[in-house]
Amino acid sequence: MIQPKHQDEKKPFPWHLIVFLTPALLIYGTFSVYPLLDTLFLSLFGTQQGQSTFVGLQNFITLVTDDNWSQAFWNALINNFKFFAIHMLIQNPIGLLLAVLLSSPKLRLSGTYRTLIFMPTMLSVVIIGFVWQLLLSPIWGISENFLYSIGLGHYFDAWLGKEGSALITLSFISVWQFVGIPMMLIYATLLNIPDDIVDAGVVDGANPLQTFWYIKLPLILPTIAMVSILTFVANFNAFELIYAVKGALAGPNFSTDLMGTFFYRTFFGFQLQQGSASMGAAVATLMFLIILVGVMLFLFFIQRRIQRFQF
Amino acid sequence: MLNAHSILSVSKYALATAVVLGSASMTHAAGTLNIESWRSDDANIWSDVIIPAFNKSHPDTKVNFTPTPPTQYNSALQAKLQAGTAGDLITCRPFDTSLTLYSNGYLDKLNDLKGLSEFSSVAKSAWVTDDGKNQFCLPMASVIHGFIYNKEIFKELNLSVPKTQGEFFKVLDTIKSESRYTPLVMGTADQWESATMGFQNIGPNYWKGEAGRKALLEGKAKLTDKPYVDTWKELAKWKPYLGRGFEAQKYSDSQNLFTLGRGAIYPAGSWDIQTFNNQADFEFGAFPPLVAKSGDTCYISDHTDIGIGINASSKNKAAARELLNWMASQEFAELFANAVPGFFPLSNHKISIKDPVAQEFISWRDDCESTIRNSYQILSRGTPNLENQLWNVSAQVINGTMTPKAAAEETQKGLEQWYAPQQ
Chain A
53 MIQPKHQDEK KPFPWHLIVF LTPALLIYGT FSVYPLLDTL FLSLFGTQQG QSTFVGLQNF
113 ITLVTDDNWS QAFWNALINN FKFFAIHMLI QNPIGLLLAV LLSSPKLRLS GTYRTLIFMP
173 TMLSVVIIGF VWQLLLSPIW GISENFLYSI GLGHYFDAWL GKEGSALITL SFISVWQFVG
233 IPMMLIYATL LNIPDDIVDA GVVDGANPLQ TFWYIKLPLI LPTIAMVSIL TFVANFNAFE
293 LIYAVKGALA GPNFSTDLMG TFFYRTFFGF QLQQGSASMG AAVATLMFLI ILVGVMLFLF
353 FIQRRIQRFQ F
Chain B
213 MLNAHSILSV SKYALATAVV LGSASMTHAA GTLNIESWRS DDANIWSDVI IPAFNKSHPD
273 TKVNFTPTPP TQYNSALQAK LQAGTAGDLI TCRPFDTSLT LYSNGYLDKL NDLKGLSEFS
333 SVAKSAWVTD DGKNQFCLPM ASVIHGFIYN KEIFKELNLS VPKTQGEFFK VLDTIKSESR
393 YTPLVMGTAD QWESATMGFQ NIGPNYWKGE AGRKALLEGK AKLTDKPYVD TWKELAKWKP
453 YLGRGFEAQK YSDSQNLFTL GRGAIYPAGS WDIQTFNNQA DFEFGAFPPL VAKSGDTCYI
513 SDHTDIGIGI NASSKNKAAA RELLNWMASQ EFAELFANAV PGFFPLSNHK ISIKDPVAQE
573 FISWRDDCES TIRNSYQILS RGTPNLENQL WNVSAQVING TMTPKAAAEE TQKGLEQWYA
633 PQQ
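Residue numbers (the working numbering), protein chains in the order written: chain A, 53 to 363; chain B, 213 to 635.
Warning: the hint list may mix true and false statements.
Unchecked claim - EDC-like, lysine to aspartate or glutamate: derived pairs with alpha carbons at most 16 Å apart:
(1) K434(B) <-> E628(B)
(2) K134(A) <-> D247(A)
(3) K625(B) <-> D119(A)
(4) K562(B) <-> E543(B)
(5) K625(B) <-> E215(A)
(6) K426(B) <-> E581(B)
Since the hints were made in silico from the structure, they are not lab data.
All chains should be built: construct the whole structure from the sequences, respecting the hints.
Right under this line is the structure:
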């Protein structure tokens, strides 16, 4: 019997792994993991006259039960779900539609369209907010005249200023800005579908609609799922557009308040309201948990069932 | 290899430069003062007028005015102070914002500052501890509320300046029915105008200035009392005179509408004078918030708005104190009042203002009783925050989505939750 010699021999310690991983781990740890853990930790403290004391879960209890806080919190959360719903129902279907249109070989100037539609995504939110406020302004805006010229003038209103329409209007602005992202991601996946699969379908007598429903859509489902999760995370972290257009008090009557603006007011304070780092950290922790739970539900119930195809 | 080498040498060079620059700025720091401020509009005035005047008597001190936009000032300043990168002099917001900075040790005590003797105790009240013992900012300027009107439109429509509330609404009616001008130029999109230019502007006439403000502080009056409900009732009457789509009209929109001559009367803070001087090519005047019937005592909101204090971790406190003492002088008061018309010095010096509209505003101090905004001292300390509530409910009252009574009840309920004298 020959004893395999190398089994006794110790493998050399994989130093190269450590050398290659350390820089990234250090940066990730310092700038991402540590602040996150510190935020979670901070949310367990209360501040009284500059002295911070450990209060356990008191901040969270206050946040969801105390009338002063819970009203604002639930309002922001519900608004945030509306904001997300509008993105899911409008942004992503439009993104899908645009991607399908763009990938059509018959379309001319598709590169130009692609660039133009993607352009707003690259602009600063402050510019987007400013431009749309001007467009929709009842004083200087062109949207009123535009509506009159197509016979819909009497539907015009100060949408950004009315409690009932402000959040929806802001969601539409955000949809307009970010529709390029689902479009580009889905477009890239569509380009990856091999022509022979589509050709086989056509030979079997599938019309264009059937090709889309039975061949292309199943193949881009994983991308649509990914787009949904990106939308979810981005929407629950949304802040800039509301802040740029409506300010941190997210008026009228907090109808445009999202978790982000609620966090900003709590953490940094606003006008005469003093900021509270620990309460702000509690809001941030809840935002983190909401996103975490959302992403996990998604992974368990949807992502696992999606089949991937290798070509 | 070559690449790596050249990158290395570049970074070496950069490092050397950084070290040289760093040490250079260190040596200069001895005579440099940086001022933190939210008054970005005043940057030119500081660099062209105030700092040169100061340097005439103090040639060795270099002063930099480094403003942050007003809406970000509080949070930016807080972050800078915590990080230790804030300037030597801190422009102080009135009341609690600065009081917190002081009690957290970010601002120096100024009790022994010579210049403070030039100010009345009312002027100093916005930057003193609750027990009145420690002063932490030098009062710099106040702002006065009133209405600014377009003189040309008034002439065209043959209107005279209103003296009572009845006349005021008559004037508004005339403008509305006889011209295409917007009678009252204000929007509710930013919310604060409704509270500041609306509620705090016309309110003192209802709650009798300081008397009403103190009564609220002592718990002897409630926000559901008649004066407050009446203030909101008058605000609710403004709605038909505001421009179309005022719900989405922002502060800058209002300023532009007025300076373009499309509106007649603008509920103003005196700080607007500067903007209007620069942008309006017509003559404009001002009148104070109106009393119920002529002969009534008038009250104005003469709000302590700007103070200036010393960063406790400044390396240059001696120079900072010299600058503060100079800012308490007659010379500074005259320079400032004339350079920044609409911000009125709080020191006791008699000064003359060349700007006619600013002079009009300050002249009300002789005829009317002064008060400050009632939500600023102590009352905005708790949760819910009274000032934020006032923004929200006043905007809603003007929008017509909330009744004056409901506004009063909501704010009073908020106050009762945490403020002992009101419980």
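Outcome of the hint check:
The hinted pair formed by K434(B) and E628(B) meets the criterion: a straight-line CA distance of about 9 Å does not exceed 16 Å. In summary, the hint linking K134(A) to D247(A) is not supported, as the alpha carbons are separated by about 39 Å, beyond the 16 Å threshold. For the hint pairing K625(B) with D119(A), the CA-to-CA distance comes to about 12 Å; that is within 16 Å, so the pair holds. Note on K562(B) and E543(B): the hinted pairing holds, with a Cα-Cα distance of about 11 Å set against a maximum of 16 Å.
For the hint linking K625(B) to E215(A), the alpha-carbon distance of about 23 Å lies beyond 16 Å, and the restraint is violated. With a CA separation close to 14 Å, the supplied pair K426(B) and E581(B) stays within the 16 Å bound.
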